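**Q** Sequence:
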Amino acid sequence: MISASEFRNGITIEKDGQVLEIVEFQHVKPGKGSPFVRTKLKDIINGGVTETTFRPTEKFPQAHVEKKDYQYLYKDGDLYTYMDTETYEQVSLGPDIVGNNMDFVKENELVKLDSYNGNVFAIEPPMFVELEITETEPGFKGNTATGATKPATVETGAEIAVPLFVNIGDKVKIDTRTGEYLSRA
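Just so we're aligned, residue 1 is where the sequence shown starts under the numbering used here, counting upward by one.
Since the hints were derived computationally from the structure, they do not count as laboratory data. Keep in mind it's a predicted model, so treat the numbers as computed, not measured. Idealized CB from N, CA, C, for every residue including glycine. Do not take every clue at face value.
Unchecked claim - Label-pair restraints from in silico Cβ distances: (1) Gly48 with Lys68: 21 to 27 Å; (2) Thr153 with Val28: 46 to 52 Å; (3) Ser183 with Asp16: 43 to 49 Å; (4) Ser5 with Glu135: 53 to 59 Å; (5) Asn167 with Thr50: 35 to 41 Å.
Whenever a hint applies, use it, and build me the whole structure from the sequences.
**A** Given below as structure tokens:
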């Protein structure tokens with residue numbers, strides 16, 4: 001059990017059958033009245049964020065969310081298959097859990113699967129990946145001063161915006177959280 005006075009960012013708790021992560025917290029001691037803890041809680045299963053206040057003495061069971069490395073093996077239809085790197089056990093997940101988190105992940109790369117009570121609820125791809133450009137329009141010399149971009153397709157099939165000087169066959173570094181081009185690799 002963890003009391004509201006012990007809240008810190010990143011801690012996960014169980015409340016009313018939900019698993020909530022503390023995104024923000026603030027201990028408030030008003031001039032009149034009793035102190036309280038103002039929090040922003042994120043439901044880790046569906047992603048909703050709520051603001052709630054608690055008395056510092058309120059206690060909640062701490063939820064243990066497991067984050068484990070898995071190797072992405074392949075996609076078969078709508079199912080994505082992953083392998084536990086320690087036990088070699090395989091897990092297949094559908095698009096409802098995967099979402100668009102796999103847009104920039106190649107086969108055999110490591111991802112983190114987040115689970116609670118053995119049920120996977122989220123996938124964390126690596127923050128940065130290096131991928132090869134497979135399709136884009138040719139660039140023109142001298143056109144780089146404006147910071148203009150053009151669409152390009154990477155080897156996983158995802159589309160990103162790249163500077164005009166990037167060509168087919170170039171390796172680029174991409175931020176998987178935003179899908180933005182960072183640099184040439």
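**Q** Next, verify each hint and record whether it holds.
**A** Going through the hints against the structure:
no. : hint                          : in the structure
1   : Gly48 with Lys68: 21 to 27 Å  : holds (25 Å)
2   : Thr153 with Val28: 46 to 52 Å : holds (50 Å)
3   : Ser183 with Asp16: 43 to 49 Å : holds (46 Å)
4   : Ser5 with Glu135: 53 to 59 Å  : holds (56 Å)
5   : Asn167 with Thr50: 35 to 41 Å : violated (47 Å)
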